[in-house]
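> Please model the entire structure based on the sequences and the hints provided.
2 protein chains.
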Amino acid sequence: MGKGTLLYAQSGGVTAVINATAGAVIQAARARRVKVLAARNGILGVLREELVDTSKETAAAIRGLAHTPGGAFGSCRYKLKSLEADAAKYARVLEVLKAHDVRWFLYNGGNDSADTALKLSQLAKASGYPLTCIGVPKTVDNDLVVTDCCPGFGSAAKYTAVSVAEAALDVAAMADTSTKVFVYEVMGRHAGWLAAAAGLAGEGKDDAPHIILFPEVPWDEAAFLARVKATVDRVGHCVVVVSEGLHHADGRFVADAGGGKDAFGHSQLGGVGPLLAGLVKDQLGLKVHWTVPDYLQRSARHIASRTDLAHAQAVGQAAVEYALKGLNGVMPAIVRTSDSPYRWKVVPAPLADIANREKKMPKGFIRRDGYGITAACRRYLTPLVRGEAPPPYRPDGLPDYVRLKLQTVAKKLPAFG
Amino acid sequence: MGKGTLLYAQSGGVTAVINATAGAVIQAARARRVKVLAARNGILGVLREELVDTSKETAAAIRGLAHTPGGAFGSCRYKLKSLEADAAKYARVLEVLKAHDVRWFLYNGGNDSADTALKLSQLAKASGYPLTCIGVPKTVDNDLVVTDCCPGFGSAAKYTAVSVAEAALDVAAMADTSTKVFVYEVMGRHAGWLAAAAGLAGEGKDDAPHIILFPEVPWDEAAFLARVKATVDRVGHCVVVVSEGLHHADGRFVADAGGGKDAFGHSQLGGVGPLLAGLVKDQLGLKVHWTVPDYLQRSARHIASRTDLAHAQAVGQAAVEYALKGLNGVMPAIVRTSDSPYRWKVVPAPLADIANREKKMPKGFIRRDGYGITAACRRYLTPLVRGEAPPPYRPDGLPDYVRLKLQTVAKKLPAFG
Numbered sequence: 001m002g003k004g005t006l007l008y009a010q011s012g013g014v015t016a017v018i019n020a021t022a023g024a025v026i027q028a029a030r031a032r033r034v035k036v037l038a039a040r041n042g043i044l045g046v047l048r049e050e051l052v053d054t055s056k057e058t059a060a061a062i063r064g065l066a067h068t069p070g071g072a073f074g075s076c077r078y079k080l081k082s083l084e085a086d087a088a089k090y091a092r093v094l095e096v097l098k099a100h101d102v103r104w105f106l107y108n109g110g111n112d113s114a115d116t117a118l119k120l121s122q123l124a125k126a127s128g129y130p131l132t133c134i135g136v137p138k139t140v141d142n143d144l145v146v147t148d149c150c151p152g153f154g155s156a157a158k159y160t161a162v163s164v165a166e167a168a169l170d171v172a173a174m175a176d177t178s179t180k181v182f183v184y185e186v187m188g189r190h191a192g193w194l195a196a197a198a199g200l201a202g203e204g205k206d207d208a209p210h211i212i213l214f215p216e217v218p219w220d221e222a223a224f225l226a227r228v229k230a231t232v233d234r235v236g237h238c239v240v241v242v243s244e245g246l247h248h249a250d251g252r253f254v255a256d257a258g259g260g261k262d263a264f265g266h267s268q269l270g271g272v273g274p275l276l277a278g279l280v281k282d283q284l285g286l287k288v289h290w291t292v293p294d295y296l297q298r299s300a301r302h303i304a305s306r307t308d309l310a311h312a313q314a315v316g317q318a319a320v321e322y323a324l325k326g327l328n329g330v331m332p333a334i335v336r337t338s339d340s341p342y343r344w345k346v347v348p349a350p351l352a353d354i355a356n357r358e359k360k361m362p363k364g365f366i367r368r369d370g371y372g373i374t375a376a377c378r379r380y381l382t383p384l385v386r387g388e389a390p391p392p393y394r395p396d397g398l399p400d401y402v403r404l405k406l407q408t409v410a411k412k413l414p415a416f417g
Numbered sequence: 001m002g003k004g005t006l007l008y009a010q011s012g013g014v015t016a017v018i019n020a021t022a023g024a025v026i027q028a029a030r031a032r033r034v035k036v037l038a039a040r041n042g043i044l045g046v047l048r049e050e051l052v053d054t055s056k057e058t059a060a061a062i063r064g065l066a067h068t069p070g071g072a073f074g075s076c077r078y079k080l081k082s083l084e085a086d087a088a089k090y091a092r093v094l095e096v097l098k099a100h101d102v103r104w105f106l107y108n109g110g111n112d113s114a115d116t117a118l119k120l121s122q123l124a125k126a127s128g129y130p131l132t133c134i135g136v137p138k139t140v141d142n143d144l145v146v147t148d149c150c151p152g153f154g155s156a157a158k159y160t161a162v163s164v165a166e167a168a169l170d171v172a173a174m175a176d177t178s179t180k181v182f183v184y185e186v187m188g189r190h191a192g193w194l195a196a197a198a199g200l201a202g203e204g205k206d207d208a209p210h211i212i213l214f215p216e217v218p219w220d221e222a223a224f225l226a227r228v229k230a231t232v233d234r235v236g237h238c239v240v241v242v243s244e245g246l247h248h249a250d251g252r253f254v255a256d257a258g259g260g261k262d263a264f265g266h267s268q269l270g271g272v273g274p275l276l277a278g279l280v281k282d283q284l285g286l287k288v289h290w291t292v293p294d295y296l297q298r299s300a301r302h303i304a305s306r307t308d309l310a311h312a313q314a315v316g317q318a319a320v321e322y323a324l325k326g327l328n329g330v331m332p333a334i335v336r337t338s339d340s341p342y343r344w345k346v347v348p349a350p351l352a353d354i355a356n357r358e359k360k361m362p363k364g365f366i367r368r369d370g371y372g373i374t375a376a377c378r379r380y381l382t383p384l385v386r387g388e389a390p391p392p393y394r395p396d397g398l399p400d401y402v403r404l405k406l407q408t409v410a411k412k413l414p415a416f417g
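If you read the protein sequences in the order shown, they are chains A and B.
The opening position of the first sequence corresponds to residue 1 in the numbering used here, with each subsequent residue numbered one higher.
The opening position of the second sequence corresponds to residue 1 in the numbering used here, with each subsequent residue numbered one higher.
Honestly, the hints are just simulated from the structure, not real lab data.
As the structure is a computational prediction, the values presented were derived from the model and not from experiment.
Misleading hints may appear alongside valid ones.
Note that identical chains are pooled: a pair holds if it fits in a single copy or bridges any two copies.
Claimed, not checked - Okay, derived cross-link-like pairs now, DSSO-like style, lysine-lysine, Cα gap no bigger than 30 Å in a straight line: (1) LYS3 <-> LYS56; (2) LYS89 <-> LYS287; (3) LYS287 <-> LYS79; (4) LYS359 <-> LYS287; (5) LYS229 <-> LYS405.
So this is what it looks like as structure tokens:
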């Protein structure tokens, strides 16, 4: 390939496999002798002109990204507004890209990042600068439209299904004299994909999880408590999985009822999991335990899905191909061509169809009673958690996660803002 | 061997490998043609005469116990009091054992179970019934005396170290614009062994976890907050690991300050993790995330330590040997003969030395500033988390955990109580 630099950046909540995408991007570009810079902390690193020279990283380190969780270059929660409202920032971004001869910009994130990549592609076009912008999908929430699934989700889904299955065995063993109800809180503020993944832990009527509470289904406190009681009466215990985004019929988040003050007047950072646990304890008088895995669920590279890892690497590789072909304003999307055997391919999809939209669970994936997943949902989810891809372990028993040098290139512009 | 039955039971909180001990017990007894019954839900199953006939389980199912978490026969939180106070119950236990020709009783648990096994051995001796009682160690809390470590701890320790390492990479990637402080709550009401295990996640001064709060070190709120602030200022973020048993200088648990009421007047099941997170948010104005893994940390068979698994199986096998030799009132204890290379053996230790005692972290294992582990602690812990022992996985991506038939033998006695 000719002259020019490819710039890669990570955005939004990181995942167990976003670095696998980064590694695939760098490897694909290296194979084509294209120079790769990576912005520190997403678009902020572009604004600040903090650009990592990936050529300083060894081939082993880049390979190691495939099994290292977190975001190796740093991520950001920072959304650029409209081209008008944030005109100065967009102009600065373009200025930095020009200064470093960036011809290809790959933004690895969710809905917001797709929007940023799209706007930047429009701006570059309008200003006559030859820049190809690609959105690269990533999110444990699995809420991007067009693509069949999102890299990062399958591993978080596997973590969730495995953890619920394991905790359920624990609760079943303790229930006779101790814990009868276990509440497991999963991520997912608006879409219940991770809550649904918990459903893979069991299939029979009395298998855990016995109750799944989706953000797509308004919460009915009385019906929920009755269901918990009936389950404990019948099975002896009850495992509840609740999405952080559970809400009332009027739209208020259930978790917002928590977050009170403790005896010292400090904020109680509630979470809907402990809140439901308290409710079960108070109203039903049953012994409860609860868990909020929080970041553990999206960083658990040790229990990553092999399918998810393959997706993450494939979108990285495709992004480089699309970029070098000049397919401006697209995202590599995963298309499922068969459930069983699971077959899939990656195709370019217009960012304009993806940016700022959100994919919730379809009605056909939630059981009619609202408390579980359907066979169709199971068919959709199963291939995504299939296969193991453990990291290598060091002699001391810890995973051998890589740490990059993160050497930045010299700045060519004055500081911004 | 001659006539007679061996009775095995599980007690207290279960672990990722207590079933591996059960499997080893059953295999060792089968090899010696000794019949094995297993009580449902620990000593309660004996009182109720609910005894599982393990001969009805296939060899594959018994092998599968080695990779299945939870307590396959059910456990209990139920402590028999003194021989005097609970005379009728001890008498009933003896009656049930006699009715089923039980000559060897193996109780797999912690301090309390060691006490029960010891008392039962004394009672049988006094009444002239030939019964050999063995305590088999198990606890993620690692707080049994005499034994160098407790089966179950190594796997929970590995889970903790790996999870903290993974979450720390996540936080490091987000800290620029989002989460600056992450609080991870571990089990351990009186002893800080699991908190210490988190220290294996990093070794350098600025590696996570940056602060460990042990139950052995009284909490100083001002010093803690100053330390968090200094760490964020220097490193950019701060990972805090806190033991559920953290307490004030006057002995009050810090967690007891939480547990207030939410806006609805429901119990807030706090936990010290969210409480500290709220404090950091209020006092330092930093964005926080927190996790309470709860049962996940003790049931995560998928990330079990190979060393721990070997210990769990070895104590099961030794327990059968000791029982058949008539070594009454002992527990197989793990003796470490070398740190590096790690070497260990199993020896019989008197239950009288173990029952009702508790091993806390020695002073030499906690760093002088109180916020981390020493090199000696690292030397002790590292062998215990070393090696992986993943379970087999099913084609659908979930671990292939076994489920027993749990067929009970016919009752020979009238119901009790």
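> Each hint: holds or not?
Against the structure, the hints come out as follows:
Taking the closest pair of Cα atoms, LYS3 and LYS56 come within 30 Å of each other only inside a single copy of the chain (19 Å); across copies the shortest separation is 72 Å, beyond that limit. Proximity of LYS89 to LYS287 under the C-alpha cut-off of 30 Å is restricted to the inter-copy arrangement: shortest distance 25 Å between copies versus 54 Å within a copy. Proximity of LYS287 to LYS79 under the C-alpha cut-off of 30 Å is restricted to the inter-copy arrangement: shortest distance 18 Å between copies versus 43 Å within a copy. Taking the shortest alpha-carbon separations for LYS359 and LYS287, only the inter-copy value of 28 Å comes in at or below 30 Å, while the best intra-copy value is 36 Å.
For the identical chains of this complex, LYS229 and LYS405 are inter-copy neighbours only, at 26 Å across copies versus 55 Å inside a copy, given an alpha-carbon limit of 30 Å.
The structure fails none of the hints (numbered hints given earlier).
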